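Novice: Letter by letter, the chains look like this.
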Amino acid sequence: MDQMDLFAHIKHIPLLSSRLSTGLLAGNYRSVFRGPGLEFDEVREYAPGDDARFIDWNVSSRMGTPYSKTFREERELHFFILLDVSASVQLGSGRSRKLDTACLTAALLSYAASRNNDRVGALFFTDRIEKYIPPDKGDIHVARFVQDMLSLQPQGTGSDLALGVRTAQEMLTRRGICVILSDFRVSGGWKELSLLGRRHDVIAVKITDPLEYRMPARGYVELTDPETGVVVRGKTGTKGFRKEYTDFWEAQDLYWRRQCRRRSIDSLTIDTEDDPVEKLLAFFDRRKKR
Amino acid sequence: MYSFETPEYLFLLFLLPVAVFFRHFWKKRGGRIPFAVSLWNREYFQPGNSLAGVIAFLSHVSFWCSLGCIIIALAGPGIVRHRKVFLSRGLDMMIVLDLSPSMAAQDFAPDNRFESARQVIKDLVQRRENDPIGLVTFGLEAALRIPPTVDYDMVLQRLEDLRILEMGDGTAIGMGIAVACLHLQQSTAGEKVIVLITDGENNAGAILPEAAAELAAGLGIRVYAIGIGSEGEVPLEYTDPATGKTYRGQFVSGFDEELLVAVAERTGGKYFSSSSQGTLEAVIRTIDSMESIEKRVSIQTETEEKYRTWIAASLGCFLLWFFLSRLVLKEVW
Amino acid sequence: MIRHPQLLYLLFLPVILVPLMIAGYHQGLKTLQTFFGRWRADILKETYVVKYFFAGLGVFITLLALILSLLGFQGKKRIEIAEHQGTDIVFVMDVSRSMLCEDVEPSRLGKAVDLAAGIIERNPGARFAVVIFKGEGVKTIPLTEDIKAVTGFLDILNPSLLSAPGSNIESAIHRALESFTDREQRRKIIVLFSDGEALSGDLDAAAVKAVEAEVLVLSVGTGTKEGGRIPLEGGTYVTDSGGKEVITRLHQDTLEELALKTSGMYLPVSDPVFFTRISDVTEGKGSLPEFKTRDADAYRSFLLVALGGFCIFLLARIRRWKNIS
Numbered sequence: 001m002d003q004m005d006l007f008a009h010i011k012h013i014p015l016l017s018s019r020l021s022t023g024l025l026a027g028n029y030r031s032v033f034r035g036p037g038l039e040f041d042e043v044r045e046y047a048p049g050d051d052a053r054f055i056d057w058n059v060s061s062r063m064g065t066p067y068s069k070t071f072r073e074e075r076e077l078h079f080f081i082l083l084d085v086s087a088s089v090q091l092g093s094g095r096s097r098k099l100d101t102a103c104l105t106a107a108l109l110s111y112a113a114s115r116n117n118d119r120v121g122a123l124f125f126t127d128r129i130e131k132y133i134p135p136d137k138g139d140i141h142v143a144r145f146v147q148d149m150l151s152l153q154p155q156g157t158g159s160d161l162a163l164g165v166r167t168a169q170e171m172l173t174r175r176g177i178c179v180i181l182s183d184f185r186v187s188g189g190w191k192e193l194s195l196l197g198r199r200h201d202v203i204a205v206k207i208t209d210p211l212e213y214r215m216p217a218r219g220y221v222e223l224t225d226p227e228t229g230v231v232v233r234g235k236t237g238t239k240g241f242r243k244e245y246t247d248f249w250e251a252q253d254l255y256w257r258r259q260c261r262r263r264s265i266d267s268l269t270i271d272t273e274d275d276p277v278e279k280l281l282a283f284f285d286r287r288k289k290r
Numbered sequence: 001m002y003s004f005e006t007p008e009y010l011f012l013l014f015l016l017p018v019a020v021f022f023r024h025f026w027k028k029r030g031g032r033i034p035f036a037v038s039l040w041n042r043e044y045f046q047p048g049n050s051l052a053g054v055i056a057f058l059s060h061v062s063f064w065c066s067l068g069c070i071i072i073a074l075a076g077p078g079i080v081r082h083r084k085v086f087l088s089r090g091l092d093m094m095i096v097l098d099l100s101p102s103m104a105a106q107d108f109a110p111d112n113r114f115e116s117a118r119q120v121i122k123d124l125v126q127r128r129e130n131d132p133i134g135l136v137t138f139g140l141e142a143a144l145r146i147p148p149t150v151d152y153d154m155v156l157q158r159l160e161d162l163r164i165l166e167m168g169d170g171t172a173i174g175m176g177i178a179v180a181c182l183h184l185q186q187s188t189a190g191e192k193v194i195v196l197i198t199d200g201e202n203n204a205g206a207i208l209p210e211a212a213a214e215l216a217a218g219l220g221i222r223v224y225a226i227g228i229g230s231e232g233e234v235p236l237e238y239t240d241p242a243t244g245k246t247y248r249g250q251f252v253s254g255f256d257e258e259l260l261v262a263v264a265e266r267t268g269g270k271y272f273s274s275s276s277q278g279t280l281e282a283v284i285r286t287i288d289s290m291e292s293i294e295k296r297v298s299i300q301t302e303t304e305e306k307y308r309t310w311i312a313a314s315l316g317c318f319l320l321w322f323f324l325s326r327l328v329l330k331e332v333w
Numbered sequence: 001m002i003r004h005p006q007l008l009y010l011l012f013l014p015v016i017l018v019p020l021m022i023a024g025y026h027q028g029l030k031t032l033q034t035f036f037g038r039w040r041a042d043i044l045k046e047t048y049v050v051k052y053f054f055a056g057l058g059v060f061i062t063l064l065a066l067i068l069s070l071l072g073f074q075g076k077k078r079i080e081i082a083e084h085q086g087t088d089i090v091f092v093m094d095v096s097r098s099m100l101c102e103d104v105e106p107s108r109l110g111k112a113v114d115l116a117a118g119i120i121e122r123n124p125g126a127r128f129a130v131v132i133f134k135g136e137g138v139k140t141i142p143l144t145e146d147i148k149a150v151t152g153f154l155d156i157l158n159p160s161l162l163s164a165p166g167s168n169i170e171s172a173i174h175r176a177l178e179s180f181t182d183r184e185q186r187r188k189i190i191v192l193f194s195d196g197e198a199l200s201g202d203l204d205a206a207a208v209k210a211v212e213a214e215v216l217v218l219s220v221g222t223g224t225k226e227g228g229r230i231p232l233e234g235g236t237y238v239t240d241s242g243g244k245e246v247i248t249r250l251h252q253d254t255l256e257e258l259a260l261k262t263s264g265m266y267l268p269v270s271d272p273v274f275f276t277r278i279s280d281v282t283e284g285k286g287s288l289p290e291f292k293t294r295d296a297d298a299y300r301s302f303l304l305v306a307l308g309g310f311c312i313f314l315l316a317r318i319r320r321w322k323n324i325s
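Chains as they are written, first to last, in my numbering: chain A, 1 to 290; chain G, 1 to 333; chain F, 1 to 325.
Take the hints with a grain of salt, since some may be wrong.
Unchecked claim - With a straight-line Cα cutoff of 20 Å, these simulated PhoX-like cross-link-like pairs (lysine-lysine) come out:
hint	chain 1	residue 1	chain 2	residue 2
1	F	LYS209	F	LYS225
2	A	LYS239	G	LYS330
3	G	LYS306	F	LYS76
4	F	LYS244	F	LYS209
5	F	LYS30	G	LYS330
6	F	LYS45	G	LYS330
7	G	LYS295	G	LYS84
8	F	LYS209	F	LYS139
9	F	LYS209	G	LYS306
Claimed, not checked - Derived Cβ-Cβ restraints for the label pairs, each shown as a range:
hint	chain 1	residue 1	chain 2	residue 2	range
10	G	VAL80	F	GLN85	48 to 54 Å
11	G	ILE55	F	PHE12	21 to 27 Å
12	G	ASP111	F	ILE156	32 to 38 Å
13	G	GLU265	F	SER263	53 to 59 Å
14	F	ILE22	G	ILE55	19 to 25 Å
In case anyone wonders, no lab produced these hints; they're calculated from the structure.
Bear in mind the structure is a predicted one, so any value in this text is a computation, not a measurement.
Note that the Cβ used here is the ideal one computed from N, Cα and C, for glycine as well.
Same shape as in the complex, but just chain A (with noise of 0.2 Å):
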């Protein structure tokens, strides 16, 4: 899939997201996302059956009468994606790559919180911030937000998600939603992951390839990691090396959803091959359900 094809399919994403945001999340947004909860709305006369908790002893005191605060479900979430778009997500071995997967889903995402009035916030990174978009309401936000994406071009090429993470605690004055979106072939991060988990909802989104966990049988290749420059060589058409292969990157995906699990981040694996509206789907069914 190219660019084009790219563009053509996000042109359909608007209605792809009213499915998901009207037909899933809408009516179940606040329960789909953990909400943050509540926020001040204003102060009036202490009504019968007020919780004697929220009795506001400074008005009181002043008017002579109790007066008690009242809060409301916060309505304007700030919904963040934070997108990893290192070489390695640059990658792809079938129809098309790990960013444009990445990216279909975070138009998905984004679309869909449109329609729920959230603010649409992003930050691209690699090894360095790539760009970062302030969140903002509204379909033309995200258009624009859709586009900058499809049209980056990163400057750096390795993945530091703990830059990342801990760039957008820093962005993200509000509490709200992070999404991360990576092959998650990046270096450490679980610190200020947990620590961005603490105030926001976080789910983490790992796009993986085909090739990622069975190597196919070919001849002898040297193949050369685009980040780290690290050189392999072998014959992948011997069974001990795709062996190894496959022990090392599963034991690595374990490892992964372990950590997840561990600071309760949510985690979804959204693979080249598959189709990111069925798995955003399936994923937040299985959330409501929780």
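Once you have looked at the hints, place chains G and F on chain A.
Specialist: Coordinates of chains G and F only, in the frame set by chain A:
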């Protein structure tokens, strides 16, 4: 000695490590497939050592060897040999050896007179470079064993084949000298020499030693006469080659010194007497040094070209590389 | 021309290479497409076909050039003047039983001895040696100026001197070559007397050895094409197992071939100017050159081409093609 016709080409070998660097170690080299195999700055996938790795190493080695061999072949390798070519004719030497039974007398260490004589003749042959040497033996009669030749291997071979008494029981010194003279007659050599080794008195043959000496003198041949044997009674032991019977006994030795002196002096040669292995050696050395003539020699340089070996090696390495890379590893080019 | 035509079959290698290379292209493309993904399969194919073409071209050129350089194409001839100090002649006498045949006067062997004696007589100052052969060659007289020893031996030549039956020409030529010495710069000639019948041994190997040692072979075909019977003592003749008398004939083909390969010549015994022609050779007169030419192979240019092939291959592999591979 290994040498190169155009060693300038060998400088290309310095480019080899450069090419190896660019091909295998340069950070920006091509031929690699970008593929995420590592966590950024963390663990990375590294397969263990495998047979494929060894084969790949071998294939790379053969590739670079092939290239190296081409460069060496380009430099025109060859083995240089220097060959001595004699421009002047050496002297002709005929050795006349007594094979009478008395040569079996054991007064010469370690074996007997005959073996000692054979040993010193061998030494003499091996010290000569381009002087034809022939061999005449005598007993009751005399015969040519090998005509004067520089084919020293053959001379030594014939010398080895000699047996005591095979020319009959007798001492035909005159005949020996005469036969030697006959075969030196055609020689174009400037100097002709007969080395006579005997331990007895002339007691056989139709030609007297004096007449033979006359003949030699007429042909310009010098005779060096060596009388061997110690005085007194000596034990002897020999096997008759005709009957295979072994004879043992005591024997009073003695040779006709006057005759030998006369023969030597008549021909302008010299007489030596020798009573032991050591003195015999000394005598032969003396003759050897007396009879060395000036040699004119040119050194010829011959180069045996070796480039084909290197090309063949290169081709072999190349085919090995191709086989390993293309057919065994199925490497992506 | 080509000095090693037996290596021509190596040229099959580049031919075999072509299908292997084509198979390799498809293999490589498949592998690359697996790793690079379908989303850039087209651009990958466009680049890879160019890159592979150059890599394959390099390999093909190198292999072809290496083989061509091994074939030994003749380049410039180097001329070396040879100054000879004299002549060495080795007589190689066939003493097989068929040499007793009396189709030439007095017998083949007798005629050979006569001719050899004639050659000796006409070449004063030359050195002679004698090798006789039957089942194998034997050095009997080493190179010597002592003509009396040589003729004396030739006079007693007869088939019973050697016991091994047959006519091993290869062994005989080897013995003859051993007789020569490198101590002096002399013209080296082998005069082979044989009826050419039932020759055994590797004639080519012998000829190659002779050429290496810079020895000419003059072969003399003793006998006639009509042939004759082989007499035995007592007036009878040699018979085969069926009791029929054996007729032996002159086979000059092998003798001619051997002479030709060493740039010598073949002479029949009946040649009226036999000795003149022999003298032409032994004295270095006539058509045979006094200088020797040494073939210099044109191998450098091929090797340079092979090196160029390596360079093309290396460049194709080291270069990054459109940032892809």
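Novice: For every hint, state whether the structure bears it out.
Specialist: Hints, one by one, checked against the model:
1. F/LYS209 <-> F/LYS225: violated (29 Å)
2. A/LYS239 <-> G/LYS330: holds (15 Å)
3. G/LYS306 <-> F/LYS76: Distance ~18 Å between G/LYS306 and F/LYS76 Cα, so the pair holds.
4. F/LYS244 <-> F/LYS209: violated (40 Å)
5. F/LYS30 <-> G/LYS330: With Cα atoms ~12 Å apart, F/LYS30 and G/LYS330 stay inside 20 Å; holds.
6. F/LYS45 <-> G/LYS330: Within the cut-off at roughly 18 Å; holds.
7. G/LYS295 <-> G/LYS84: Holds, because 11 Å separates the two Cα atoms, which is no more than 20 Å.
8. F/LYS209 <-> F/LYS139: Distance ~17 Å between F/LYS209 and F/LYS139 Cα, so the pair holds.
9. F/LYS209 <-> G/LYS306: Satisfied, since the Cα-Cα distance of roughly 18 Å is no more than 20 Å.
10. G/VAL80 <-> F/GLN85: 48 to 54 Å: violated (24 Å)
11. G/ILE55 <-> F/PHE12: 21 to 27 Å: holds (25 Å)
12. G/ASP111 <-> F/ILE156: 32 to 38 Å: Between G/ASP111 and F/ILE156, where Cβ atoms are some 34 Å apart, the hint holds.
13. G/GLU265 <-> F/SER263: 53 to 59 Å: Hint holds: Cβ distance 54 Å, inside 53 to 59 Å.
14. F/ILE22 <-> G/ILE55: 19 to 25 Å: holds (23 Å)
Comparing the model with each earlier hint shows violations of hints 1, 4, 10; every other hint is respected.
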